[in-house]
Amino acid sequence: MAGIFIFSEDSALAKQLLTPALELKASLAQPITAITLSESDAEELAKLGADKVVVLTGGTWAEGFAEAIYSQISKAEGSILLVGGTLRGKHVAAYVAAKLNAGMTTDAKALKIANGKLLATRVLYAGLAVCEEEVALPAVATIRARTFLAPAPAPAAGVVETQSAEADSRITISEVIPTGDKGVDITAATKLVAVGRGFRRKEDLKLAEDLAGVLKAELACTRGIAEDEHWLPIERYIGISGQTVKPELYVAAGLSGQVQHMVGCRESKVIVAINTDERAPIFEAADYGIVGDMYEVLPLLTAALRK
Amino acid sequence: MNFELTEEQQLIGQSARDFAKEYLEPIAVELDHTGNFPKAAVKALAAHDFLGLLLSGTFGGAEAGFVSYAEVVETLSRFAPAVASIVNNHTVAAYAIQQWGTDEQKKQYLPGMAKGEILGATAVYEHGPTPGVGANALVALKQDGGYILNGKKAFVRNAGEAGVYVVFATTDPALGAKALTAFLVKAETAGMKVGAKAETMGLKGCPVADITFENVVIPESALLGAASEGTVIVTKLLSIASVAEAAQTVGIGQAAVQHAAAYAKQRVQFGKPVATLQAIQTLLAEVASDCHLARLGVRNAALLIEEGKPFEVEAAMVKSFLVRLGSKMLIDTCQVEGGFGYSEFMPLPRMFRDIAGTNLLDAPGDFPEKLIAASIA
Amino acid sequence: MPKCLVCYKWTLDEQDIKIKPEDLSLDSSRAKGKISDFDRNAVEEAALIVEKEGGAVEVLSYGTAAVKLSLKDVLSRGAEKAHWIADPSAENADAAVTANVLAAAIRKLGPYDLILCGEGSSDLFNQQTAPRLAALLGLPCLSFVQKLTVEGSTVTATRKLEDCQETATVSGPVVISVLSEINKPRIPTLKQVLGAAKKPNEEIKIADLGLKPEDLQPKALRQSVKGFVMQRRNVVYKESSAAENVAKLTASLASEGLC
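Chains as they are written, first to last, in the working numbering: chain G, 1 to 307; chain V, 1 to 377; chain A, 1 to 259.
These are computed hints drawn from the structure, not numbers from a lab. We put the CB at the ideal spot given by N, CA and C, even for glycine. Incorrect hints may have been included.
Label pairs and their in silico Cβ distance ranges [claimed, not checked]: (1) A:PRO88 <-> G:VAL159: 23 to 29 Å; (2) A:VAL229 <-> V:GLU22: 56 to 62 Å; (3) G:ALA152 <-> V:LYS265: 27 to 33 Å; (4) V:THR34 <-> A:ALA65: 48 to 54 Å; (5) V:GLU22 <-> G:ALA29: 44 to 50 Å.
DSSO-like mimics (lysine-lysine), calculated; alpha carbons at most 30 Å apart, straight line [stated by the list, open to error]: (6) V:LYS265 <-> A:LYS205; (7) A:LYS108 <-> V:LYS115; (8) A:LYS52 <-> G:LYS216; (9) G:LYS117 <-> G:LYS216; (10) V:LYS21 <-> A:LYS212; (11) V:LYS21 <-> A:LYS248; (12) G:LYS25 <-> G:LYS112; (13) A:LYS52 <-> V:LYS43; (14) A:LYS198 <-> V:LYS107; (15) V:LYS21 <-> A:LYS238; (16) G:LYS99 <-> A:LYS18; (17) A:LYS238 <-> G:LYS191; (18) V:LYS39 <-> V:LYS178; (19) A:LYS205 <-> G:LYS99; (20) V:LYS178 <-> V:LYS193; (21) V:LYS197 <-> V:LYS115; (22) V:LYS272 <-> A:LYS191; (23) A:LYS20 <-> G:LYS112; (24) V:LYS43 <-> V:LYS272; (25) A:LYS205 <-> V:LYS21; (26) A:LYS238 <-> G:LYS206; (27) A:LYS3 <-> V:LYS21; (28) V:LYS272 <-> A:LYS205; (29) A:LYS248 <-> G:LYS99; (30) V:LYS107 <-> A:LYS191; (31) G:LYS109 <-> A:LYS18.
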């Protein structure tokens, strides 16, 4: 068994996968092969550490190439497959894992080799617990976006190879509707101001916007603000079924700090809470907090930071 | 013997909980403020078979048994006890018809009651010393083809919303309670007047009003049970109702202690959550224990009812326990929540007023203590 | 008239699980069982489809002895028959073992037109079962489905992905995983609860599935499970003057190099 494989239909995520792949390469002394469906991604991946890049031509619908991806790995007797943890990626990864008769860790936060096995860290029980999972090789793991940063360019570029592949013809995709204006990727922001139900009206969000302005932060929110009130688009919703972020600074204004929200931001470097309710769970989860009326505190804080 | 609910009883409880969270939790505050009859919730209760819970499948009921019923009542009461009251008053009336009704009467009312199309109510109390006695007592004089009712009934719950009333009247003022007889009176029978809704301390949303009867003519077929069987019937009904109301009290107490405990974990005073203070721990422990023990008492009485065994003493015991300790549960939990809890935006003030109601109502035919003492001495 | 099979998991309610402060281990002794949240959506969806198109809804679960506690619950939610496998191997089974067992059972019980699962289980949320089943059974897989329509043997699904909604169509048998947005599971009425006892359920012994010992060996093993505890400074400014609090916070942020 030899070979560390990576795959993601998402360009940025595919590059990020190379970072843990390079660490595994160091432990296992096995080459990295990046599988991609995109010719344009191939060169970049070859420059960032992939020893070989296999471009599968024949389409771009990732799920349809799960069988083809499996073939690549099984032919080479690959030992590890890292897949970008988008929903498409998880579908592909689980399919390949079944065909390989392999174990799979979903949404690994950290990975390493221990005792000849893949040791991964992941979250359980809706964020309540963290566990380590030991997976015998061959092993599959999915990794979510921004868990790792893309690596620095490699000293030598890898080889790019093209192979034709056939998509799964049993499924027909008839319509693809992009979700709204993609706008900002809040997972890329280094500072965030998150709003919750403490805001009484949509117009009041301006207070948070002003603060975000002086901090050069992006705006984010809890589930209710996005899904119930529709005051902010869904991609700004942070939580168990929303985005996960790890900014330098996370300011939680007028939100109580329920675990379903906090699981999406609890790896932030510094968390600040502003809430009128001293008993709100957010204070337990924060480094710094102000107990007070956010309608009073936010403008004062914005003014103070402007200086 | 098993203290646990059966699988079915647990699933029924789970459905009741999901139902209450969906339909009752969102309306609880408004219901308490407006006192408006919760039509939508009652309709939803019917759709989920909660209004025919004790009725036989022949009439479209769920035949679930009294233990399940108590579980449902407790669960609904954790969210909106007023709605549980509506269900109780309706269910007791339906039970009365099922137990003592003729086949015709059962066929006439029970299918509609199981579906919630006809809501039930019982008219027991009067402003006088005892039903059947006094100046305003409801009197039912026999006449050709039926009876004619004159008098007044007080504190009729579900008044104005019910389609049928189980009415207790004396057929002979000279004999008073000894001639108490039960009748089924359809709503809006000529001469019946439902008075103004009372403004009660709590359980708002469950309508309460007096009903005046002025020469109300009812047919022979309106007689429920036998002539002069009224006292036996009403005693049984009140005993059953008292178990259901005990379940309500437990539900309110449970909701209160859970709320107070959550509060105490968050509220920080003197650098620590108040839940670490012994005084608070004592209050919470006592209320939680009282709830737990009362629940077991309710289940025990409910099981006896379900098995058709004598239950009046056990019902009186749990009633007596809660008369002494029911309001204490809310006094104590309010103490835990202190100034914050005193606000009308918090649920405890409403629960305080509600539990005062569930404790007052429907004592068994005789004072509980008298009945219990008589059973042992 | 699709013949539907819904695979569901009987899990512990994560809300009842407590973290022991001494060593951060998990205490699930008081945790009640429940049908995994997204599986409820799957059962509901099958029930809705069959109510509209005719057909049948059966359910299947693989778990420890506790799985027997799920039967009346799941049968009150629209399923007509429950198949269950209760085996100690389920205690440590990973997604690979689970899929092996379920696939073997499906080969024995099937064929089915629709095989449905929730997108992931509410406890471990591996999100692997549906694609694994599809691979093992040689069937196409429609994952993360937000809307499902069945017309004859044609299945049309709207999948909700991070950046788009995709309409996918399949003819013939298919494995489907559903999102919680697909429907709102019904609250069983009392009659449905009481009627569940009268519906059939059938045990499948794991020994009758023709599995090899290695099929029941988990490939992913949980080594340590610890409650996640936030370690934060917890510095809270609650002076009576908002201006004073803001001044203190600003100073703290400056010391962190954040402003």
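Checked hints:
1. Checking the proposed 23 to 29 Å range against A:PRO88 and G:VAL159 shows it is violated: the Cβ atoms sit about 49 Å from each other.
2. Take A:VAL229 and V:GLU22: their Cβ atoms lie about 33 Å apart, and the range 56 to 62 Å is violated.
3. One distance hint, 27 to 33 Å for the beta-carbon pair G:ALA152 and V:LYS265, is violated here, with the actual separation near 48 Å.
4. A hinted range of 48 to 54 Å holds for the C-beta pair V:THR34 and A:ALA65, which are about 50 Å apart.
5. At about 58 Å, the beta-carbon gap between V:GLU22 and G:ALA29 misses the expected band of 44 to 50 Å.
6. A hinted pair counts as satisfied when its Cα atoms are at most 30 Å apart, and V:LYS265 with A:LYS205 does not qualify at roughly 47 Å.
7. A hinted pair counts as satisfied when its Cα atoms are at most 30 Å apart, and A:LYS108 with V:LYS115 does not qualify at roughly 43 Å.
8. Of the supplied pair hints, the one linking A:LYS52 and G:LYS216 is violated, its CA atoms being roughly 53 Å apart against a limit of 30 Å.
9. Of the pairs offered as hints, the one joining G:LYS117 and G:LYS216 is violated, with about 43 Å between alpha carbons and a cut-off of 30 Å exceeded.
10. For a cut-off of 30 Å, the pair hint linking V:LYS21 to A:LYS212 is broken: about 46 Å separates their Cα positions.
11. Between V:LYS21 and A:LYS248 the alpha-carbon distance is near 42 Å, which puts this suggested pair outside the 30 Å criterion.
12. At most 30 Å may separate the alpha-carbon atoms for a hinted pair to count; G:LYS25 and G:LYS112 meet this at roughly 10 Å.
13. Distance restraint check for A:LYS52 and V:LYS43: the Cα-Cα separation of roughly 25 Å lies within the 30 Å cut-off, and the hinted pair is therefore satisfied.
14. Note on A:LYS198 and V:LYS107: the hinted pairing holds, with a Cα-Cα distance of about 27 Å set against a maximum of 30 Å.
15. Between V:LYS21 and A:LYS238 the CA atoms are separated by roughly 35 Å; this puts the pair beyond 30 Å, and the hint is violated.
16. Of the pairs offered as hints, the one joining G:LYS99 and A:LYS18 is violated, with about 37 Å between alpha carbons and a cut-off of 30 Å exceeded.
17. Restraint check for A:LYS238 and G:LYS191: satisfied, since their Cα atoms lie roughly 24 Å apart, inside the 30 Å limit.
18. Between V:LYS39 and V:LYS178 the CA atoms are separated by roughly 38 Å; this puts the pair beyond 30 Å, and the hint is violated.
19. The straight-line distance between the Cα atoms of A:LYS205 and G:LYS99 is roughly 25 Å, inside the 30 Å bound, and the hint therefore holds.
20. The hinted pair formed by V:LYS178 and V:LYS193 meets the criterion: a straight-line CA distance of about 26 Å does not exceed 30 Å.
21. The hinted pair formed by V:LYS197 and V:LYS115 meets the criterion: a straight-line CA distance of about 25 Å does not exceed 30 Å.
22. Under the criterion of a C-alpha separation no larger than 30 Å, the hint pairing V:LYS272 with A:LYS191 is inconsistent with the structure, at around 49 Å.
23. Proposed proximity of A:LYS20 and G:LYS112 is supported: the alpha carbons are some 28 Å apart, at most 30 Å.
24. Only pairs whose Cα atoms come within 30 Å are accepted, and V:LYS43 paired with V:LYS272 is rejected, the gap being roughly 46 Å.
25. Among the hinted pairs, A:LYS205 with V:LYS21 is inconsistent with the structure: their alpha-carbon atoms are about 39 Å apart, more than 30 Å.
26. Under the criterion of a C-alpha separation no larger than 30 Å, the hint pairing A:LYS238 with G:LYS206 is consistent with the structure, at around 24 Å.
27. Straight-line distance between C-alpha atoms of A:LYS3 and V:LYS21 comes to about 33 Å, which puts the hinted pair past the 30 Å bound.
28. Annotation: proposed proximity of V:LYS272 to A:LYS205 is violated, straight-line Cα distance about 54 Å (limit 30 Å).
29. Between A:LYS248 and G:LYS99 the alpha-carbon distance is near 58 Å, which puts this suggested pair outside the 30 Å criterion.
30. Restraint check for V:LYS107 and A:LYS191: satisfied, since their Cα atoms lie roughly 20 Å apart, inside the 30 Å limit.
31. The straight-line distance between the Cα atoms of G:LYS109 and A:LYS18 is roughly 23 Å, inside the 30 Å bound, and the hint therefore holds.
Hints 1, 2, 3, 5, 6, 7, 8, 9, 10, 11, 15, 16, 18, 22, 24, 25, 27, 28, 29, counting from the list given before, are not met by this structure.
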